[in-house]
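Participant: As a plain string of letters, each chain reads:
2 protein chains.
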Amino acid sequence: MKIAVDAMGGDHAPEEVVKGAIVAAKELNVEILLVGDQVKIEHELAKHHAKNDPSISIVHASQVVAMGESPVSAIKTKKDSSINVGLNLVKEGKAEGFVSAGNTGAVMSSATLNWGRIKDIERPAIAVVWPSKKGHIVLLDVGANAECKPKHILQFAYLGSIFSEQVLHTKSPKVGLLSIGEEEEKGNTLVAETLPLLKASQLNFVGNVESKDIFGGEVDVFVCDGFVGNMLLKFAEGILDFMYGLIKGEIKKNWLAMLGALLLKPVFKSIQKKTDYDECGGALLLGVKGICVISHGRSKAKAIKNAIKVAKESVEANILGKFAEIG
Amino acid sequence: MKIAVDAMGGDHAPEEVVKGAIVAAKELNVEILLVGDQVKIEHELAKHHAKNDPSISIVHASQVVAMGESPVSAIKTKKDSSINVGLNLVKEGKAEGFVSAGNTGAVMSSATLNWGRIKDIERPAIAVVWPSKKGHIVLLDVGANAECKPKHILQFAYLGSIFSEQVLHTKSPKVGLLSIGEEEEKGNTLVAETLPLLKASQLNFVGNVESKDIFGGEVDVFVCDGFVGNMLLKFAEGILDFMYGLIKGEIKKNWLAMLGALLLKPVFKSIQKKTDYDECGGALLLGVKGICVISHGRSKAKAIKNAIKVAKESVEANILGKFAEIG
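Chains F and Y supply the protein sequences, listed in that same order.
Per the numbering used here, residue 1 is the first one in the first sequence, and the count goes up by one each step.
Per the numbering used here, residue 1001 is the first one in the second sequence, and the count goes up by one each step.
Same shape as in the complex, but just chain F:
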C-alpha cells in the first residue's frame, strides 16, 4: 500500500515529517511517497541514512502552503503545492491515502475540490477518534465547518456511524447529538432543528447527549457543528496539559511524592499513551472521495507515523467503498 505524505506541512516540516515517514515505512509495512521540495527531503532522508530506502520515494512539489495562508488563495495560486500534488497522487491512483500536518483549511478545501465529495454529502467533516471507558468513540465535526445546517449534522452522523462500524468495528453504533441537556427542549436552534432529522433517520440514534458523556462509552458517535467540536478538541488539549502541569508541580514539592511518582511512572506512561495526541495521530476528513488524514500542525515524528497508520487502516477497512454502498 502506498501513502502520500505532505513533507512540507506542519510546524516541524520537513524534519519531523520525514522522520515519522521513515519509521512508518519500517514498522507499518507501507510505501511512502514524500511530497515536497526534493532537495530538502533528500537532505532529511540522508540524515537518517534512508536515501536508498526502497519503501520511500520522493515526489517533487515546488510550492508550500503556509500555515496561516488563506485556503482560497492557496488553491488559486499554488497548484504545485505539496498538498495539491499529494492529493493528485491519490486521484491518479498512484497512492491510496494522503497525510498532511499542514494548513488544515487548505488541505480540506483542496481535497474537496480535487477529489470531490461523496454522494449526498454536502460538507466533508473532520472526525477524531477518542478513547472512552468502553473502547473508542468518534466525534465530528471538529473543525471543518464552523457553521452548519441541520442537514449537515445529519450527514456527519451517517459518516461517523459508518466509520465507527467499519473501522472501529462497533456493532450498530449509537449516535448522539451533542447538546446541553438530554431533554429535547434544551439546546439551541441547530439542535432543535437537527433532532427530528436524526430521529427520522435509519441511524441508531439515541437522542441528545451531554459533553460529559463523551468518555462514558455508552454512545459511539457524537455529532455537533465544527465550532463546538473544535472547541472541545482544543479544550481537551488544554485541560490535560493543565492537569499534567499541576501533578508535576505538586510532585516536586516533596521527596516522598517524588518516590511515589517514580513508582507510578509506568501508570503515567500508559495513561499518557492512551490520551496522547501523538498516539492517535490524526483526524480523518470524512465525506471526500479519498482517504485524507489531517494531523496537528505541531505534529512530531510519532504523530506523523500514527497518522500514516490511521490512513493505512482506513484504506484496509475500505471505508470509501462502504460510504459509496450506503450513500
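These are calculated hints, taken from the structure and not from any lab test.
Be aware that one or more of the hints could be misleading.
With a straight-line Cα cutoff of 27 Å, these simulated DSSO-like cross-link-like pairs (lysine-lysine) come out [as the list claims (entries may be wrong)]:
hint : chain 1 : residue 1 : chain 2 : residue 2
1    : F       : Lys322    : F       : Lys289
2    : Y       : Lys1002   : Y       : Lys1051
3    : Y       : Lys1134   : F       : Lys212
4    : F       : Lys91     : F       : Lys322
5    : Y       : Lys1119   : Y       : Lys1091
6    : F       : Lys186    : Y       : Lys1265
7    : F       : Lys269    : Y       : Lys1265
8    : Y       : Lys1212   : F       : Lys149
9    : F       : Lys199    : F       : Lys151
10   : F       : Lys94     : F       : Lys40
11   : Y       : Lys1134   : F       : Lys234
12   : Y       : Lys1002   : F       : Lys186
13   : F       : Lys186    : Y       : Lys1289
14   : Y       : Lys1119   : Y       : Lys1322
15   : F       : Lys248    : F       : Lys26
16   : Y       : Lys1133   : Y       : Lys1302
17   : F       : Lys199    : F       : Lys119
18   : F       : Lys273    : Y       : Lys1151
19   : Y       : Lys1234   : F       : Lys151
20   : F       : Lys253    : Y       : Lys1133
21   : Y       : Lys1134   : Y       : Lys1234
22   : Y       : Lys1212   : F       : Lys273
23   : F       : Lys119    : F       : Lys2
24   : Y       : Lys1252   : Y       : Lys1273
25   : F       : Lys248    : Y       : Lys1002
26   : F       : Lys134    : Y       : Lys1199
A partial selection of chain Y residues facing chain F, derived with a Cβ cut-off under 7 Å [what the hints assert, rightly or not]:
hint : residue
27   : Leu1028
28   : Pro1150
29   : Ile1180
30   : Glu1184
31   : Leu1203
32   : Val1206
33   : Gly1207
34   : Glu1210
35   : Lys1212
36   : Met1231
37   : Leu1232
38   : Lys1234
39   : Glu1250
40   : Leu1263
Glycine included, every Cβ here is placed at the ideal spot set by N, Cα and C.
Use these hints to put chain Y onto chain F, whose structure you have.
Facilitator: Quick look at chain Y alone, frame taken from chain F:
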C-alpha cells in the same frame, strides 16, 4: 451577614443542603436562612443537633420546583416555592444573597423576574471561576442563554470583567472571545459579529482566544454563548472523571504502583482540591439585582458550604454596587 439557602433544591435536598448550611454557619461566620418545608428541615437539623443553632433559622415555603420542571410553569404555578421565597427574602432585605442547587432554569428565570436585571444588561449570565496556571479565570455564559446575540456577549464581557476585578482582584482583567482560532477570520457568525463590539468597548480586550488557553492564565475572562460554555463546563467534568478512572484502573494493576499511589496521596488530594467541583461550590448568576449562587444539582454538603462561601464573598466585594457604578 444573612444568606438564604434553598433547602429543597438539588438531588440531595434537603439532607445535604442542611448539612452544608450547618457547616457554613459554623465556619464562615454567616447566618443562614433555610428556605423550604419546615418539618423536613427541622428533622434534618435535629439529626445534627442544630435545631437550636442561633445562626440558623427556617423560613417555610410550601412548594418545591422539581429538577426537570419547566421554569415557565414553575414561575406561574409555584409562587410559594423555596426558590421564590428565598429570592423574596433578598428582595425584602432580609437576606443578602441566595444559594440554590435546584432547577437552574427556574432559579435563573425567577431571579431575573423577581429581582430584575442590572441596567444595560439584557440577559443575565452564569459565570464559573476556574483555576488556571496563574490564578483564577472567569468563564461565562455557561448555560443561562443557549442562544445569544453579539450585544449579549459584550454584556457578559462587562459582567465578567467587573467580577474578575472586584472579586478575584485582577488588575485590568484581560478579556478574550472564545473562538476556534486566534485569527479574526476564523470562527462563526456570532464571533465575527461580536468581535467589533468588543474591540470598540472600554474593556481590556485581547482578541479571539482558543479553548486550549482557558487554563493558561494569560487571559482572565473568557466569553462565549451559553451553549458553548455549558458544553465546556460539562466536558471538563467528563474528562476529569475519565482521567481519574484511568489512573485508578492502572494503579490497581500492580502493587508497586499501589505503593506509589499511596506516597502520592497528598499530591492527588491537593490536585483534587484544586479541580474539584465541590471546592468551587457554585456559579454566580451575574446581571441580576442580587447575589445568586447556583450550585450543581448533584451538590453535596461540601459544595453547598462552598456555594455559601461564594455568596458571602460576592456580598463582601459589593459586586452589585460595582455593577451599578459602571452600568
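Participant: Next, verify each hint and record whether it holds.
Facilitator: Hint by hint, here is what the structure shows:
no. : hint                  : verdict
1   : F:Lys322 / F:Lys289   : holds (12 Å)
2   : Y:Lys1002 / Y:Lys1051 : holds (18 Å)
3   : Y:Lys1134 / F:Lys212  : holds (26 Å)
4   : F:Lys91 / F:Lys322    : holds (18 Å)
5   : Y:Lys1119 / Y:Lys1091 : holds (17 Å)
6   : F:Lys186 / Y:Lys1265  : violated (40 Å)
7   : F:Lys269 / Y:Lys1265  : holds (19 Å)
8   : Y:Lys1212 / F:Lys149  : holds (26 Å)
9   : F:Lys199 / F:Lys151   : holds (12 Å)
10  : F:Lys94 / F:Lys40     : holds (22 Å)
11  : Y:Lys1134 / F:Lys234  : holds (19 Å)
12  : Y:Lys1002 / F:Lys186  : violated (34 Å)
13  : F:Lys186 / Y:Lys1289  : holds (26 Å)
14  : Y:Lys1119 / Y:Lys1322 : holds (12 Å)
15  : F:Lys248 / F:Lys26    : violated (35 Å)
16  : Y:Lys1133 / Y:Lys1302 : holds (24 Å)
17  : F:Lys199 / F:Lys119   : holds (22 Å)
18  : F:Lys273 / Y:Lys1151  : violated (43 Å)
19  : Y:Lys1234 / F:Lys151  : holds (26 Å)
20  : F:Lys253 / Y:Lys1133  : holds (16 Å)
21  : Y:Lys1134 / Y:Lys1234 : holds (23 Å)
22  : Y:Lys1212 / F:Lys273  : holds (20 Å)
23  : F:Lys119 / F:Lys2     : holds (25 Å)
24  : Y:Lys1252 / Y:Lys1273 : holds (23 Å)
25  : F:Lys248 / Y:Lys1002  : violated (41 Å)
26  : F:Lys134 / Y:Lys1199  : violated (45 Å)
27  : Leu1028               : violated (27 Å)
28  : Pro1150               : violated (15 Å)
29  : Ile1180               : holds (4 Å)
30  : Glu1184               : violated (12 Å)
31  : Leu1203               : violated (22 Å)
32  : Val1206               : violated (16 Å)
33  : Gly1207               : violated (15 Å)
34  : Glu1210               : holds (5 Å)
35  : Lys1212               : holds (4 Å)
36  : Met1231               : holds (5 Å)
37  : Leu1232               : holds (6 Å)
38  : Lys1234               : holds (4 Å)
39  : Glu1250               : holds (4 Å)
40  : Leu1263               : holds (3 Å)
Violated hints, listed in ascending order, are 6, 12, 15, 18, 25, 26, 27, 28, 30, 31, 32 and 33; each of the other numbered hints is respected by the structure.
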